[in-house]
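Asks: Starting from the known structure of chain A, arrange chain B on it as the hints suggest.
Top line first, the protein sequences correspond to chains A and B. Each residue of the first sequence is one higher than the one before, counting from 267 in the working numbering. Each residue of the second sequence is one higher than the one before, counting from 1032 in the working numbering.
Hints were generated in silico from the structure; no laboratory data involved. Values in this document were obtained by computation on a predicted structure and should not be read as measured data. Heads up, a few of these hints could be off.
To be verified - What the simulated footprint calls covered on chain A by chain B, stretch by stretch (three residues with Cβ under 8 Å from a Cβ of chain B suffice, anywhere in the stretch; the number is not a length):
| hint | region |
| --- | --- |
| 1 | 284-291 |
| 2 | 394-407 |
| 3 | 513-523 |
The C-beta atom is built at its ideal place from N, Cα and C for all residues, glycine as well.
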Amino acid sequence: MTSVLTRAAPAIGGRAQPVVFERDLGVLANDPVNGEYMRLVLAAPRDMLDLCRAGQFFNLLCPVLGGETPYLRRPMSIYGFYPERGELHFLYKVAGAGTRALAKLRAGDTLNVMGPLGQGFRIDDDWQRLVLVARGVGLATLAPLALEANRLGRHLTAICSARHPDLLMSIDYFRDLGAEIVPVTDADGTSSLEHLEGLIEERIAGPGIDAFYTCGSNRLLTLLQRIGKRHGIPGEIALEQQMACGLGMCHCCVRPFRKGDKTVQLRVCREGPVFDIQEAMPW
Amino acid sequence: MVDLSVDIAGLKLKNPIMPASGTFSEELAEVFDLDCLGAHVTKTITRGLRDGNPTPRVCEVGGSMLNSIGIPSKGVGAFLDKVVPFYRAYETPLVVSISGNTADEFARLCSEVTVEGVAAIEVNISCPNIEEDGKAFAIRPSSTYDVMRKLRAATHLPLWAKLTPNTGETPEVARAAQEGGADALVVANTLLAMAINIRTRRPKLGNLMGGLSGPSLKPIALRMAYQCAKSTTIPVIGCGGISTAEDVIEFLIAGATAVQVGTATFINPTAMVTVIAELERYLQREKLSSVRELIGTLIDGEQKEGVVFMEAAP
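So here's chain A without its partners, still in its complex pose (with noise of 0.2 Å):
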């Protein structure tokens, strides 16, 4: 079966249903997870979670807490929602004055949510092994495949990278789900873009690489948009962008795409915020 990670509103006598919810949601856990992020665990209700895809991202409003004033919502990638046990989860790097905020909800308040919103990832009927490459909280973006590709039987290798072996991200997450961990970092010189090359490489030659995903580095990007194109491998990247609404009114969060030999402009909330890796534009 392919999975269809996109939305698509049903349309009853010519008009789109609500799919998308304005919710506020319990709090059941907010905690750090280490030094950098912390993760919120929010009790949410199954039809929301049933209608989450991999990929997808809630816009939260931050509360006005502990001297802290955001304004506009945040957009935050889904990191794991669990319909089973009707929860919904989000991993943040407290940043601004909105994660500051976030940082102060303890279990038993609540938080607005809105989604889930934009296009997940997409993983074709033939895409049987799937390799994510990220650092950082970017791995936090990519969570979510993991979970897709155990659901759909599909053989996933995270190539996690970081600085230092205690700051990798989310490696437990994906080791429960069954993926392949490699890991790479500053520290012991295995992050080295010639080195991940070389990695990708092998794997290509040996058992095979069906299709990749990535986020958050421009480096990673062109890099497999170079391996990719090298050996025709399709692949996706998550991105990101400034954004206000969250649906695709505004046109704030719009970035440059390749379509052929044009350049066009598309909203990260709306026509991503996963696109194809080869249309993506270096930044």
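Replies: Here is chain B on its own, set in the frame of chain A:
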């Protein structure tokens, strides 16, 4: 049962709540049933294709936001083929927002969007982002009058002129719009503003300057709506920082016949739905049978005579 309906120059709206142009599109139908709104107002289009401004196009400033989107447009053809038909499925009247770089181009587009399924045309003569450091038709009475005359000749549909807060001549511009043929005034657009990242010393917006919207714009828009209602005889549609029913009521008392909700939808996508429900509850509580009983009921006594001269803070 309270009556929420209002009349804008012959166009009957089931309630006075509608979206502000640029903060609304077909995508919002994925969140709630758009037929609950008084009108649908589309994002401003231009005749030809426009890419819009460089990113970042948005930043927040003390409980409000700045944007410099730059009116990206897929052009009139795509608009007529895709957008107008989408809204035909709804009973709510469709108001199309248009803009142009020259009065003639503007008028040509005005004529081209005069099609079945369009109930009124909002002419964005105020967008501060596009030409000459933000200069727009509605900054001066003379250029307002001239462009409105051309637009008036281009369509039989009601024309709503969207004014700018970037003028020191609000009552004069409002009167020029009416004299030029406007059927209603939308008051107002965003206020030209800027923000700087003090660490990088770069502007926070890719386009250097942008438009302020959100709650901090509200008192300015309210003052302008009042001035426009006092200095013309056509309906005023309030717009600027409206996010609650209380805000709506304030604009109605100041003289607005209806309002547009913009940035609030970005914060709460169902803001308009909530505002309609709260407005209805307020009228019931106050034992008012119609929302129209609120319009222009400000107790302003003798002070109203000074309205035309009050462009500087007293």
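Asks: List, from low to high, the hint numbers that the structure doesn't satisfy.
Replies: Of the numbered hints given earlier, the structure breaks just one, which is hint 2.
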